[in-house]
Structure formats: C-alpha cells, structure tokens
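So you can see what is in the structure, the chains are spelled out below.
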Amino acid sequence: MPINYYIFLSIALFCIGIVGVLTRRNAIIIFMCIELMLNAVNLLLVAFSKMHHLNAAVSGNVTAGTDGQLFVFFIMVVAAAEVSVGLAIIVMMYRNIHSVDVNFLNRLKH
Amino acid sequence: MKNVLNIVYLIPLLPLIGFLINGLGRKHLSKGLIGIIGSGTVLASFLISVWVFMQVKGGNTYVADYFNFINVGALSIPFAFQIDQLSSIFLLIITGVGFLIHVYSTSYMHEEKTEHFGRYFAYLNLFVFSMLLLVMGANYVIMFIGWEGVGLCSYLLIGYWFKNTEYNKAANKAFIMNRIGDLAFLIAIFWIISKAGNVNYGDVFAFAQGNKFTATDITTITILLFIGATGKSAQIPLYTWLPDAMAGPTPVSALIHAATMVTAGIYMIARSNILYSLSPVTLNIIAIVGLATALLAATIAMKQNDIKKVLAYSTVSQLGYMFLALGTGSYVAAVFHVMTHAFFKALLFLGSGSVIHAMGGQQDIRKMGGLNKYMKITNATFLIGCLAIAGIPGLSGFFSKDEILAGAFSQKPFGIVLYIIGLGTALLTAFYMFRLYATTFRGNFRGTHDQEHHLHESPAAITIPLIVLAILSIIGGYVGVPEFILHGAHSLKDFLAPVFAGSYQVFEAQGISHEVDHSTEWILTGVSTALILIVVVFAWNKFSKKPDTEDAAGFGKVLANKWYVDELYEKIIVRPMNGLGTFLNNVFEKSVVDGIVNGVGRLVNYSSRQLRLLQSGQVGSYVLLMVVSMLLFFVFQFFLRK
Amino acid sequence: MIPVLLIAIPLVTGLAAFFSRNEKLVRSWALFSSILTLAISILGLTIFSDAKYLEHHSAWMSTLGSSFSVKLDGMGQILCLLTAIAFPLIFISTWHSSYKKANNFFALMLLSQAGLMGVFLAMDALLFYFFWELALIPVYFLCSQWGGEKRIAVTFKFFIYTFVGSLLMLIGILYVYAHSQDHSFSIESFYKAGAALGHKEQTWLFWLFFVAFAIKMPIFPFHTWQPDTYEQSPTATTMVLSGVMVKMGLLGLIRWLLPVLPVAAYSWGNMASGMAVTGMIYASLIAIRQNDIKRLVAYSSIAHIGLMCIAVFSENKLALQGVMIQMFNHGINIIGLWIVIELIERQFGTRKLSELGGLAQKAPAMAILFVIIALANIALPLTNAFVGEFLMFSGIFGSNDITEYNILFTVLAGLCIILAAIYTLNMIRKIFYGDTVALTANVQDVKLSEKLALGIIVVLIFWMGVYPQAVLNITNDISDSILKLSDVHPMLKK
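Protein chains in written order, with our numbering: chain A, 1 to 110; chain B, 1 to 642; chain C, 1 to 494.
Think of the hints as simulated: they come from the structure by calculation, not from any bench. Nothing here was measured: the structure is a model prediction, and the numbers come from that model. All C-beta atoms in this analysis are idealised placements derived from N, C-alpha and C, irrespective of residue type, glycine included. There's no promise every hint is true.
Below, in silico cross-link-like pairs of lysine-lysine (DSS-like), each with a Cα-Cα straight-line distance of 25 Å or less [to be verified]: (1) B:K557 - B:K309; (2) B:K212 - C:K317; (3) B:K27 - C:K451; (4) B:K27 - C:K362; (5) B:K163 - C:K447; (6) B:K195 - C:K484; (7) C:K317 - B:K195; (8) B:K309 - B:K545; (9) B:K31 - C:K362; (10) C:K157 - B:K590; (11) B:K113 - B:K169; (12) C:K362 - B:K163; (13) C:K447 - C:K362; (14) B:K545 - B:K557; (15) B:K27 - C:K447; (16) B:K169 - C:K352; (17) C:K150 - B:K590; (18) C:K71 - C:K484; (19) C:K484 - C:K200; (20) C:K352 - B:K590; (21) B:K113 - B:K31; (22) C:K362 - B:K169; (23) B:K113 - C:K362; (24) C:K352 - B:K163; (25) B:K546 - B:K309.
Okay, the calculated beta carbon distance ranges per label pair [as the list claims (entries may be wrong)]: (26) A:I11 - B:N605: 43 to 49 Å; (27) C:K352 - B:S591: 22 to 28 Å; (28) A:G60 - C:K200: 55 to 61 Å; (29) B:V574 - C:A196: 53 to 59 Å; (30) B:V574 - C:K200: 45 to 51 Å.
Build out the structure end to end from the sequences listed, making use of the hints.
Right under this line is the structure:
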C-alpha cells in the first residue's frame, strides 16, 4: 500500500483530535482527543518505519527504520503515564466542582 | 642657589603660626597672651619685611622656590615667592598697618569673651597670612590662593558676630560677590596656562613681551583679570558687598576693607602691568570703570549717615581712583595711592572705631556732634585723616591724588574729560568727608545724656596707633613729591622703576607719553587745590552749624538709597535665580525628569495589565492559540521562507 | 598578593560577621577588619609597591576566556586607598548609632566594601561586571532594611535604575567580547577589540556603557534615584554610596570606556559633557532651594561629579590627573559632611534647615570642622578639592587649542563654583549661625570618636591641599597610558 494512504488517515485522525480538543468542553473527551492525536502520530511513525525498512532491506541493512517503532513505544509509555495522571486530575476536578467541564477551570484568571 | 632671602617664608609663616596658636588655644590662653601672640607675630613679620625692603632697594628681584605645588605633564606650578620692589612695598603696608591694627584691636575687642577674642585674633592672623601669600606669590596660582584666602577671612570676620543673621548675610554676600570675580580670575589663569603653558610671572611676562599672545588673547586675559579685580576691589558692578561688609568689627573694616585686602586688585594689575600695557582696550575700560565707580560711590557717600558707611563708600570711591590711575597707565600713582590710602583710611576707620567705642556702639552721625571737646586725640587725628583724603597740600593724599589726576590729564584724547570728572569726584570727596567730620566732631552733642556722661578718650592702645597713622598720613606723601615741584624727589617712582620698566618700554613704542608740561601741572594743581579748599570750608561751616539730620528727600533719597542698586540686583539676579531653582525643584524635577522615569514604570505596569487579558483562563482558547500559532509557523516555514 | 587581600579581607570578615549576635563585638570586628584593609592598602603603596606584589592572575572560567585577574595600578591605588580610608571613618563616626540586627548591617557593609575593591581592581570585564553587581546588592539590602520611611519605594527605584544600567553594560561587554580576537574578557583584548570596531558600532556601544556609568555617577537626566536614596538610606550607607560608590562610574569611564571605544568617546564626548554640564547647573540651582540637608548635599554631589565627567571627556593630562585626585578628595570631603549631618540628625531628629540654627554657640568644634569640610568641598585654595578642580578646569579649558566648547563648558561649569558657594554658605549660616532655636538650645558637641574621624578628614584635606604632588605622582603613569590608548589622532591619520 502506498504511504499516502497512511498519511491521509493520520492527518484525518489528527484533525479530528484537534477539533475535538478545541470544541469540546468535557475534560474526558478532550483527553480522548489528545490520545487520538498521539495515535495519529504513532500511526505515521509506524508507517514510515515500515517504508524505510523495506527500502533498506534491499541493500541488506536489516536494522534500518526500527528507531521509528522504538519511538512509538516511548509515546505509548508516556501516553499511559499521562492517562494515569490526567485521569487522576479529572477525578479530583469532579470531586471539587462536581463537573468535568474545563470552562470552569478559569480561576487563575483572577 | 642659597640666598639669604630664602628665609622670606618666615614672613607669612609667622602669622600662620599665630593663627594656629590662637585658634587652637583660644579657650586656654589669657587675653593678654592672645594679644601678644597675635600682634607679636605680625610685628616680627614687619621687621623681616623692613629687612627685605633694604635688600631689594638696589633694584634686584629674587624668587624663592620652595617645592612643587602642582606638577602635571608640562605644567609645573612651584610654591614660590617673588620678592621685588612692588611686593616689598605691599609687605610693609600689610605688616605695618596690620600690626598697628592688631595693637588697636587688643583694646577695642577687649569686652569679648576670651574664646571669641582668641577667635578674632586667629582670623586676623590668618588674614595677614593670606594677604602675604597674595603679594609674595611668584605665580598667579599662589596669588590666587592668597586671593581666595583673604576672601575667606573677610567672610569670617564680617560674620564674626555670628548670632546676628544680617551680619551673616553680609558675610555671605561678600564671599559670593568675590567668588564671581574669582571665577573670572581663574578663567584668566586657565587662558594663560593654555597659551603660555606656565603661570610664573617671569615666564608669562617674558612671553607677553615677546608678543607671543595674540591681541584677542591678551585683551581677554586682561579683561578677565580685571573682572577678578572688580570683585576684590569693589568696583562696578561688584562693589555692593563692601558697604555691607561694615558689619564686621571696626578694626577689621580698617585692615581688610580699607587698607589691604581691597587693594589686592590694584596689586594684581600693577603686577601684571606688562599685560595691561600691551592691551590699550583694557586700559580704557579700566579707566572708565574706575572713574565711574569713584563718582558713583562719592555721590552715595554724600547722603549716608552711618559713620562707617560713609567711610566704606569713600573707600570704594578711592579704589575707583586707583583704577583710574591704572587705566591711564600711571601705575606708580596707583601704588602710591594704595600706600597713602592705607594710612589715612586706616586712620579714619580706627578713628571712627574710637568714636563708636566712646558712643557705646552708636554709629549714626546724626546722634553725635561736638565730640572734639571730649576726645582730643581722636578729633585731631581724624581731622588729619580727612585733610589727607581731601587732598590738602602737604598731606599724603595730596601728592598721590595729584599724580593720578595729572596722569588722567595726560591721556589722549579724552584726558581733559577724565580730569574734570576726577576733579569733580575729588570735590565730592572733600565735601562728604567734611560733612562727616563736622557733623561728628563739631557743633553740639545730640546724643542721650547717658551717652554724654560716658564720653571719654580711648585708651592708649587705641590712641597710639591713631597717632602713628596720623604721622604717616602727613609724611607718607613725601616719598613721591612730583617732578614739577622738586626735581628727582619722587623716590617711589625710582624705587619701583624696575617693576614697570617693561611697561615704559611698551608705552614708548606705542608713542604714549605721560609727561605733562610743568606749567600746565602748576595750573592744574593750583585750580584743584583752590576748589578743594573752598569746598572744605563750605562743608565745615555748613555742617558744624546745621547738621543735616532730616531724612533725605527727592534726589537725596535716591542717593541715600544707594541708587537702588541692591534692589536692582535683587530683582534681576537673586529672585529669578531662586525662582528658577524652585521651579526646577518643584516642577521640572518632579514632573518631567522623575515623571519620565515613573512613566516608564507605569507603562510597564499598564501594558502588563493589558497583556494579562490574554490569559482568559479558558483552556480552549489557549489550545486554539497554540494551534493557530503552530499553523502559522508551518505556513511560514514551508511557504513563505525563501 | 595585595589586591587579593584587599578583596578577601572584607569578604571573609563580612561573611563571618553574619554569625555574631553581639552588637558590640560585631562593631569592633568590622572596625578591625576595615583597619586591617587600610593597613594592607598602605602597605601596597609603600613597602610592597613593587609590581610583582600588585598583580594577581589565576584561572576562573577559562572556557569562557575569563580569568581572575586583579591589579593595582595608579588609579586602583587611589580608589582602593579611598575605600580603605572611608570604611574605618564610617565605622568610627557611626560608633554611637545603633542598628537593629547589627550583625547583618556590618556584614553587608563589609561585603559592599569587598565588591567595591573588586570593581576598582578587576582587569577582566566579566570579573568587573561580577564585582559591580556584588557591590550593588548589599547596598540594596542596607537601604531597604535600615532606611527611612519611604525606603521600600526608594530602594526599588534605586535598584531598577542601577540594574538597568548594569544590564546595558553587560550587553556591551558581551558584544565586545564576541568581537575580541582571542575570545577573552581580559582588559588588553578588550582594548584591542574595541578600538578595532567601526564608528557606528562604537557609537551605540558607547551609549550602552555611558548610560550604565552615568546612572551610577549620576549624570543628568539619570540622577533622580540619587537624592531620594541618599535621603532615605542610613547615613553610613549614604557615605558609602556618595563617597565611594559614585567613583565606580568614573572609574568605568576612565578604564573601560575611553580606551575601549576611543573613536566614539572622541566624537560623542562633547555630547556627554553637555549632559554633565546641564546637570551641574540644574543640580546647583535645585540645591539652592533645598531645605533638607541630605538632599542639598546630594544635589551638590551631582554637580561635583558632573565636573569630573566633563574632565574625563576632555581627554587631557591635566584634567585626567585632576579627576584622579578629585575622586579621592570628593570622597573624603563628602564623607566628612555626612558625618556632621548624621550627628545633627541623631540629636534633633530633623534635617530641615529651617528648623535648625545657632549651633555654633554651643557646639563650636562641630561648627569649625563642618565649615572647614564644607569650604573644602567648594574648592577653597589650600584645601584638597582646589587642586583637583583647578587641574580639571584647566584641562577642560584645553591645553593646546581653545574651542568654543572649551570656553562654554568652563564658563558654565565655573558658574557652578559660584552657585556652590551660595548654597554651601547658606547651609552653614542656617545650621550654625544666627541665634539658637528651642530645638537646638541643648546641643551636644562632637564626641571623641566623631572628632577623631573628622580630625583625620581635616588633616587629609590640608595635606592634599598643600602637597598634592604625592598623589599626583601615583596616578601619573596610568593617566599617561589611558590617554595614549584613547588618543584617536593616530587612528585618524590612518
């Protein structure tokens, strides 16, 4: 499959994520949208990694392109950590203001 | 080179030691001891000065170089003394008259507390020290040290009774007006340094004689020096401090504000005579200013009623005379008049002190009168002083004044004008002096009974200086008997010839002659003497019969108020300056300078308050901002950047 | 060795002073330390005056091209001597003033002394900047902790002002550093790098440096922090500020501006002098109308420093030597004035001229000492300031060619001599003369410790006034070398 398909899918996912973050007020949905953007990037990384690997394998370089996939693991680890911290924050937020609407989080303004 | 004259440093050093002893020990020494130290040191200086005078009689000049005062790069200013004919004459006047006044003061100031008595003598000694530095210095910087030093002492002594605010203000005024002149003097020194690279008299004069100064340079330098002299020697426009300076004790007025310090300007110009001779423009200015001052002060003196104020204006007027002499190139006459004036004006001031002492502090001549019956010696000596200053033949003032007038007459082309105004001033002088004398000593006593009861002749410490000065006022003129009366009798002229030799050469080269026909001179002298005698007799008669005790009216009021010059200065200088100061302090500094500074601070505050609005607290808006900026960055990076 | 000791002694003793709780002990400790520093400074002038004792170089941040190089040249000798004399005088004269948390007070004073010494000695631009800040920070705390009522606002202003100046200077330093051939902060490579820059670059660098130094001196219109700070600071700090710290700016001009940026200094010197002379007249006129003694002296100080600034830019041997000696004299004189003002304020709780009067009757010693110092401050001959002002004026007037600028500056600056006489004499009259008022009826004369401090000052005044040559000889060589480095005529010929 040409790389273009992966790129367009990834862009689509990323844009959905951005629009979601910008428009939604529910913290959990925003959170999910962020994950969506991260995964769009992951997808792209994996796709390019595969492409480079195939191209390089012809010339006998078997390890080429693997670092892209390494990054994906990094991102997944970070995302997992983020989820745990982020969800904890959201829980605390709900306990305090009985809502997960981010527009209530404007107390720093004053 | 070792020379016996090297010990001339003792002349100023002794009064300085006296100052230190009296100043530091004023609480511990007795009055007698203070008086002895104060007078003794000056007497010792006088004796050395006499010896020095003998040494330089042969016409030699000696420069005693002690140490490098300032030595930077090419400029070297030694701490050196120059002993020649001119300085030795001034040394004699300063230490001689100074000694008499010290003796006089031991009695006059006796009622002061010991502490203040000591302070007084310390100041007097310091003054003598500074004055000696002034005349002995071998370069303009040492002269300037003495120049400011005498100004300081004058300040300290005018404000001697420091509890009186008015006296302190007079002291401040004297110092500040002198400083205006001093600034001009300083700039002249800088100018000389910058052109001649040196301030030693010998080098500067040689430089000038070699015609190495341009005409502009020399004119500017001499005018600046002259402005310096107008401050110290109380000439227009800086004369108003001198009458106010009468706030000081009377012996101080005699020593500083009549006999010595105020003649410093004359000394300075006589010392720099070469420079002045090379600059005819300046000489004319000096003559005009001198004459104008002489006339102005004489008119004011006619309507003053304070015995010391009359003498003060008379001093200003006589100083104007001396400047007239300088301006007409008769340097010898100026120095001559300095000398005779020192005698008779010190005598008059000390006499007035004796009167004030007897009157219990009263200085208004309208409340005196008939004192001749109570104070024989004071009366006689005061009369001699008045006769001398009026220019009665045979007394010292006659000779010096006559020489000045003859010098003015010889000036071309306006000599006759100068002469007439000069003579008019002399007549005014005779008039107000005899108005003063007659009102004070003749007629009937007009003071209170209490005062009359206490009237007495002063003690010996006061009368002896009076007698000595009276004798000097009579015989002092015979060192300068004019050529037309007795050939070769002007010993002062011969004595001073080496000092002015350069100027005579210059005058000769310019074709200027100060010679007047002997017959013309006889006529001039005859006319002036006759007129003066008439005025003297008129004033004596008028004021011993009916003293003018009423307040002046009409034009007299203008004169009594000193032509309102003080008020004018107050209006055009003091008040605008204070106003400007207040404006700068209250308005400009606070609103403009500080305003800009605080404005910058306020701007920062304001803009941060505005920028804070961007922080809406809406998470969504932050993200939007982030996305938009990233997009813009991409657009810029990929499409716009070349 | 000597320069290291001069910095280390106050630094170490200052840090140690923080740990004492005993006020008496810490006071004596500070005095002891400052006298020790003075002794070292005098040793550097006399026994150890050989060049090898007066220099020290060691590695500091060698990767950056900066080293710890300190050196006592003629100017350093004079200014370090001034600093070393000033601090004992300050400690002696304020012996009877009490401070809360005295240990911190004296520790900070000693730290600022270390900073000042460092500024005067540093021969490395980064080190110079470092000490410049080190001197500033203790003073900030001194003013803000022990100052008067408005101290917070005033010290804030002071800090912002000087900090802005420092940053501008830092930019300038970094720029010159970046253009130095061997990437070094040492003063020699700065001299080379600066002189090689073009006129345009030199011009804006000139203003960066000049503004930094002008704020410190201060020069009109950057002066408004100064009267406020002098007024609000504890007097001991004011003495440091006005007596010693303003000399940092002058030293900066002489050592770090003229030789580094000679062309710009030559072409913009008249402009800078114009600002200084405006400030002189401006400050003098304001001083005449001041009622607060501290503010009066503060404004008079602006006038005096302005003259030194003009003299520096006249780039002339006489003027430069005048500045050298006058930096010392001004420090001594103004500390003397502050000592008496501190006495007056401590006794009567006021500094208003209108509320004082007649002190000379009951306190003659105070009056005499104050009058001598005040008259020295207005440059009466045979006092120290006369020598300095005379040399500066004759230098400003020009030793070779007289231009309109020379005459203008001389005359305008000369007017300030007259104005100085007016405000000084009025101040003396209003404080000491006249009759006593209720407040001053029971004045006490100077105590022994203050008499000692003032006596030393008076002796210095006359010594320097009668025989200034001793000091002029010390600074002779450095003046020559500075002038040689900043002479633009050989560059113009090329």
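For each hint, the structure was consulted:
1. B:K557 - B:K309: 16 Å, holds
2. B:K212 - C:K317: Holds, at about 24 Å.
3. B:K27 - C:K451: 17 Å, holds
4. B:K27 - C:K362: Given that 25 Å is the threshold and the Cα spacing comes to 14 Å, the pair holds.
5. B:K163 - C:K447: 24 Å, holds
6. B:K195 - C:K484: 23 Å, holds
7. C:K317 - B:K195: Given that 25 Å is the threshold and the Cα spacing comes to 16 Å, the pair holds.
8. B:K309 - B:K545: Holds. B:K309 to B:K545 sits at ~23 Å (cutoff 25 Å).
9. B:K31 - C:K362: Between B:K31 and C:K362 the Cα gap is close to 21 Å, so the pair holds against 25 Å.
10. C:K157 - B:K590: Answer holds: C:K157 to B:K590 is near 14 Å, not above 25 Å.
11. B:K113 - B:K169: 23 Å, holds
12. C:K362 - B:K163: The hint holds at about 12 Å.
13. C:K447 - C:K362: Judged against 25 Å, a Cα distance of about 13 Å means the pair holds.
14. B:K545 - B:K557: 22 Å, holds
15. B:K27 - C:K447: 18 Å, holds
16. B:K169 - C:K352: Given that 25 Å is the threshold and the Cα spacing comes to 19 Å, the pair holds.
17. C:K150 - B:K590: Roughly 16 Å separates the two Cα atoms, so the pair holds.
18. C:K71 - C:K484: 19 Å, holds
19. C:K484 - C:K200: 22 Å, holds
20. C:K352 - B:K590: It holds: about 20 Å lies between the C-alpha atoms, which stays within 25 Å.
21. B:K113 - B:K31: 9 Å, holds
22. C:K362 - B:K169: Distance of about 21 Å is within 25 Å: holds.
23. B:K113 - C:K362: The given pair, whose Cα atoms are some 14 Å apart, holds under the 25 Å limit.
24. C:K352 - B:K163: 19 Å, holds
25. B:K546 - B:K309: Holds. B:K546 to B:K309 sits at ~21 Å (cutoff 25 Å).
26. A:I11 - B:N605: 43 to 49 Å: At roughly 45 Å between Cβ atoms, B:N605 and A:I11 fall inside 43 to 49 Å, so the hint holds.
27. C:K352 - B:S591: 22 to 28 Å: Once the Cβ atoms are compared, 23 Å apart, the range 22 to 28 Å for B:S591 and C:K352 holds.
28. A:G60 - C:K200: 55 to 61 Å: This hint holds: roughly 60 Å between Cβ atoms.
29. B:V574 - C:A196: 53 to 59 Å: 54 Å, holds
30. B:V574 - C:K200: 45 to 51 Å: With Cβ atoms ~48 Å apart, the hint holds.
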